[in-house]
Amino acid sequence: MPKTLTILLMSGSAENEDAEFATRLAQAAVKKGHKVQMYLFGNAVNISKKEFPIQGDLHIQQRLVEHIEPTKCFGRVAELTKAGADVSTCHTNEHARGIESREYVEGVKWGDVGGTFAKYLMTTDVLLSVGH
Amino acid sequence: MINSLCLIVTKPLGAELSALGVRAAWACHQGGFATKLVYAEEGVDCLAAGEGYQSSMLADFIAADGEVFAVREDLARRGLDEAALPQGVAVVAAAQLAELCEECDTVNHF
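Heads up: the sequence lines are chains H and R, in that order.
Per my numbering, the very first residue in the first sequence carries number -8; after that it's consecutive.
Per my numbering, the very first residue in the second sequence carries number 2; after that it's consecutive.
The hints are simulated quantities; they were obtained by calculation from the structure and are not laboratory data.
C-beta: ideal position from N, C-alpha, C; glycine also.
A hint or two may mislead.
If the Cβ cut is set under 10 Å, some of the chain R residues that face chain H in the computed set are [as the list claims (entries may be wrong)]:
#	residue
1	Leu8
2	Ala20
3	Ala28
4	Cys29
Subject to a maximum C-alpha distance of 20 Å in a straight line, what follows is the list of computed DMTMM-like cross-link-like pairs (lysine to aspartate or glutamate) [what the hints assert, rightly or not]:
#	chain 1	residue 1	chain 2	residue 2
5	H	Lys110	R	Asp106
6	H	Lys22	H	Asp116
7	H	Lys26	R	Asp106
8	H	Lys41	H	Glu11
9	H	Lys23	H	Glu11
10	H	Lys41	H	Glu70
11	H	Lys26	H	Glu91
12	H	Lys(-6)	R	Asp106
13	H	Lys100	H	Glu70
Between beta-carbon pairs, the in silico distance windows are [as the list claims (entries may be wrong)]:
#	chain 1	residue 1	chain 2	residue 2	range
14	R	Glu104	H	Gly106	23 to 31 Å
15	R	Gly80	H	Gly75	45 to 53 Å
16	R	Gly80	H	Asp103	47 to 55 Å
17	H	Thr62	R	Ala50	28 to 36 Å
18	R	Glu104	H	Gln46	54 to 62 Å
19	H	Arg93	R	Gly80	42 to 50 Å
20	R	Ser57	H	Gly89	21 to 29 Å
21	H	Lys22	R	Asp82	47 to 55 Å
22	H	Gly89	R	Ala50	21 to 29 Å
23	H	Gly66	R	Glu104	38 to 46 Å
24	R	Ala99	H	Val117	17 to 25 Å
25	H	Gln53	R	Gly53	42 to 50 Å
26	H	Glu8	R	Arg79	28 to 36 Å
27	R	Ile63	H	Gly47	48 to 56 Å
Excised from the complex, chain H in its bound form (with noise of 0.2 Å):
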């Protein structure tokens, strides 16, 4: 029987792998069925806007940008929320970082812990948060 999975992600993408596990884990959940709710939290709230390249050479050695972008979630967030996940942002965390009004990865939407959160805590078979 189909569950409800809600996912407390409280890390970016760079500075360890749990956005990684967070964003494959819903990813396999939402694939066997399951319904999928993902808040960003703190410095998650990163990897819910879309990446500004900069043009030109990155200055950055190979190997190291080898290493780099398979890190980086905005596109597997935005094959979650294409593939039905609902995935919301705390607008607060993002005002923190100055990026609030930058846009969203495609389907990503506004919210907040008071709002959002709580509206997803309603609605969940399990809450699992992943962070440190």
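With chain H fixed as given, assemble chain R onto it according to the hints.
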């Protein structure tokens, strides 16, 4: 639906996650969920903040009948005086943490 939460804060005062812990606790409590906020390990430092966002949120949470706990061993390890904690914070032994968790539908760590 989840009806009750235990939010455990182990990050110190300067870490964003500790602020997110009390913020989430407040939101859950205001949303009608039975919410226990537990300070353990370095998180007990948040209880000695004196003033600022976290202490004011904590005061509001307690004033609204939110349940707040601090782990005795972690306070002692850091030389924090139980008597100096904000009024309304219950001090519990580390061994009691499991019971607090068992009483809730979900346990989350900040």
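We went through each hint and held it up to the structure:
1. The beta carbon of Leu8 of chain R is positioned within 10 Å of a beta carbon in chain H (closest approach about 9 Å), and the interface hint is therefore held.
2. Given hint, Ala20 of chain R at the interface with chain H, holds; its Cβ is 9 Å from that chain's nearest Cβ, closer than 10 Å.
3. Interface hint status for Ala28 of chain R: upheld, as the beta-carbon distance to the closest one in chain H is roughly 4 Å, under 10 Å.
4. Interface restraint check for Cys29 of chain R: the shortest CB-CB distance to chain H comes to about 7 Å, inside 10 Å, so the restraint holds.
5. Note on Lys110 of chain H and Asp106 of chain R: the hinted pairing holds, with a Cα-Cα distance of about 16 Å set against a maximum of 20 Å.
6. With a CA separation close to 17 Å, the supplied pair Lys22 of chain H and Asp116 of chain H stays within the 20 Å bound.
7. Pair hint Lys26 of chain H plus Asp106 of chain R holds up; C-alpha atoms about 19 Å apart against a cutoff of 20 Å.
8. Taking the CA atoms of Lys41 of chain H and Glu11 of chain H, the gap is near 17 Å; set against the 20 Å cutoff, the hint holds.
9. About 18 Å separates the Cα atoms of Lys23 of chain H and Glu11 of chain H, which keeps this hinted pair within 20 Å; it holds.
10. Between the alpha carbons of Lys41 of chain H and Glu70 of chain H the distance comes to roughly 13 Å, so the proposed pair stays at or under 20 Å and holds.
11. About 27 Å separates the Cα atoms of Lys26 of chain H and Glu91 of chain H, which puts this hinted pair outside 20 Å; it is violated.
12. For the hint linking Lys(-6) of chain H to Asp106 of chain R, the alpha-carbon distance of about 15 Å falls within 20 Å, and the restraint holds.
13. For the hint linking Lys100 of chain H to Glu70 of chain H, the alpha-carbon distance of about 14 Å falls within 20 Å, and the restraint holds.
14. Range check, Glu104 of chain R to Gly106 of chain H: about 26 Å between beta-carbon atoms, so the 23 to 31 Å window is met.
15. Checking the proposed 45 to 53 Å range against Gly80 of chain R and Gly75 of chain H shows it holds: the Cβ atoms sit about 51 Å from each other.
16. Distance hint check: the CB atoms of Gly80 of chain R and Asp103 of chain H are about 37 Å apart, inconsistent with the given range 47 to 55 Å.
17. Remark: the range hint 28 to 36 Å for Thr62 of chain H to Ala50 of chain R is upheld by a beta-carbon distance near 34 Å.
18. The supplied range of 54 to 62 Å is met by Glu104 of chain R and Gln46 of chain H, whose beta-carbon atoms lie about 56 Å from each other.
19. Judged by the Cβ atoms, the range 42 to 50 Å given for Arg93 of chain H and Gly80 of chain R holds: they are separated by roughly 44 Å.
20. The hinted window of 21 to 29 Å between Ser57 of chain R and Gly89 of chain H holds, with their beta carbons roughly 24 Å apart.
21. Remark: the range hint 47 to 55 Å for Lys22 of chain H to Asp82 of chain R is upheld by a beta-carbon distance near 53 Å.
22. Look at Gly89 of chain H against Ala50 of chain R: about 25 Å separates their beta carbons, and that is inside 21 to 29 Å.
23. Range check, Gly66 of chain H to Glu104 of chain R: about 41 Å between beta-carbon atoms, so the 38 to 46 Å window is met.
24. At roughly 20 Å, the beta-carbon separation of Ala99 of chain R and Val117 of chain H lies within the given 17 to 25 Å, and the hint holds.
25. The supplied range of 42 to 50 Å is met by Gln53 of chain H and Gly53 of chain R, whose beta-carbon atoms lie about 45 Å from each other.
26. Restraint check, Glu8 of chain H to Arg79 of chain R: a C-beta distance of roughly 30 Å satisfies the suggested window 28 to 36 Å.
27. At about 55 Å, the beta-carbon gap between Ile63 of chain R and Gly47 of chain H stays in the expected band of 48 to 56 Å.
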